[in-house]
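As given, the protein sequences belong to chains A and B, one line each in that order.
Heads up: the first sequence begins at 130 in the working numbering, then just goes up one per residue.
Heads up: the second sequence begins at 4 in the working numbering, then just goes up one per residue.
Hints may contain errors.
[Said to hold, decoys possible] Chain A regions said to be covered by chain B (calculated; three or more residues, Cβ under 8 angstroms):
#1 211 to 219
#2 222 to 228
[To be verified] Here are the in silico distance ranges between beta carbons for each label pair:
#3 S218/A / V33/B: 39 to 47 angstroms
#4 D223/A / A74/B: 26 to 34 angstroms
#5 I209/A / T19/B: 14 to 22 angstroms
#6 S218/A / K35/B: 28 to 36 angstroms
#7 S13/B / D223/A: 43 to 51 angstroms
#8 G187/A / L22/B: 23 to 31 angstroms
In case anyone wonders, no lab produced these hints; they're calculated from the structure.
Note that this is a predicted model, so its numbers are computed, not measured.
Note that beta-carbon positions come from the ideal geometry of N, C-alpha and C, so glycine has one too.
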Amino acid sequence: MNVPAAWYLILAAVLFGVGSFGLLTRRSALIMFMCLELMLNAVNLTFVTFARTLGDIGGQATVFFVMVVAAAEVTVGLGIVVAVFRRRSSTSVDELSEMKG
Amino acid sequence: MIAIAYALPSILVFATSALLVLVGAVGVIVLKNPVHSALSLIMTLFGVAMAFVAQSADFLAAVQIIVYAGAIVVLFLFVIMFLGVDRREAVRVEPLVGQRAFAGVGVFITTAGIIALMARSHWVTGPPAVSSGGVAASTGSGNVRELGTAVFTTYLFAFEATAGLLIIAVVGAVLLARRERSVTPEEGLA
Chain A
130 MNVPAAWYLI LAAVLFGVGS FGLLTRRSAL IMFMCLELML NAVNLTFVTF
180 ARTLGDIGGQ ATVFFVMVVA AAEVTVGLGI VVAVFRRRSS TSVDELSEMK
230 G
Chain B
4 MIAIAYALPS ILVFATSALL VLVGAVGVIV LKNPVHSALS LIMTLFGVAM
54 AFVAQSADFL AAVQIIVYAG AIVVLFLFVI MFLGVDRREA VRVEPLVGQR
104 AFAGVGVFIT TAGIIALMAR SHWVTGPPAV SSGGVAASTG SGNVRELGTA
154 VFTTYLFAFE ATAGLLIIAV VGAVLLARRE RSVTPEEGLA
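Taking the hints into account, I'd like the entire structure generated from these sequences.
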């Protein structure tokens, strides 16, 4: 008998919370990307848990696509970080304030 | 919910994966050195992979290790080393006064709200004894075959679209990170 789905759902919710807290408080763009990965993993865990509970393979297929999109997102995001770093010698998002109104 | 004596191994697996996930996640947001954060992220990814295996998502667990821990985190580390930002970040200073407090309160409310919503709706599916109970998971063996069938039939269009997405992402990354020679920096792509 596996542990109830609720335990995994709570774990995923807490992981999502930790990731979003890091995203809101850290200033380095690299760390913010890692926090984004944490949040994506929390959502993936929720999908897999529901796939198990409902006996539906669609949840796992969705996780598969989320992983692909996450890989693409990290590739482009890190490219942007490298490009920004070239011009400003910093990865702090606080310094990207040119478009401030 | 009815009190059922759950098998000790599954509880142990859950406890271990939860410990790995949470310690790693807190490490990511607390550690000052980006390299340490990236290594901490690997710990979280392994914990999530463990939870995947425990829920009979074997293929996804393998992909999690290979793609996330093996490729994405290595890419992170590569960029960290490449840019030479593997130094301290002043985590102590707080440029926006009260940002941490506001973020903490907001995140707490959001997380508590999610959990409360799920609890009120009986975790969407109800206790396993009442709901149909995982058909795919009940066999005990992994469901790689089912997942492959679903991806290549039901989700075929999405699967092909991801191929296009990956190509576009690669081209975009090359364009963004390339250093132009003849153009002046002011009118460069970056």
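Comparing the hints with the structure gives:
| no. | hint | verdict |
| --- | --- | --- |
| 1 | 211 to 219 | holds (count 6) |
| 2 | 222 to 228 | violated (count 1) |
| 3 | S218/A / V33/B: 39 to 47 angstroms | violated, 25 angstroms |
| 4 | D223/A / A74/B: 26 to 34 angstroms | holds, 29 angstroms |
| 5 | I209/A / T19/B: 14 to 22 angstroms | violated, 36 angstroms |
| 6 | S218/A / K35/B: 28 to 36 angstroms | violated, 19 angstroms |
| 7 | S13/B / D223/A: 43 to 51 angstroms | holds, 45 angstroms |
| 8 | G187/A / L22/B: 23 to 31 angstroms | holds, 30 angstroms |
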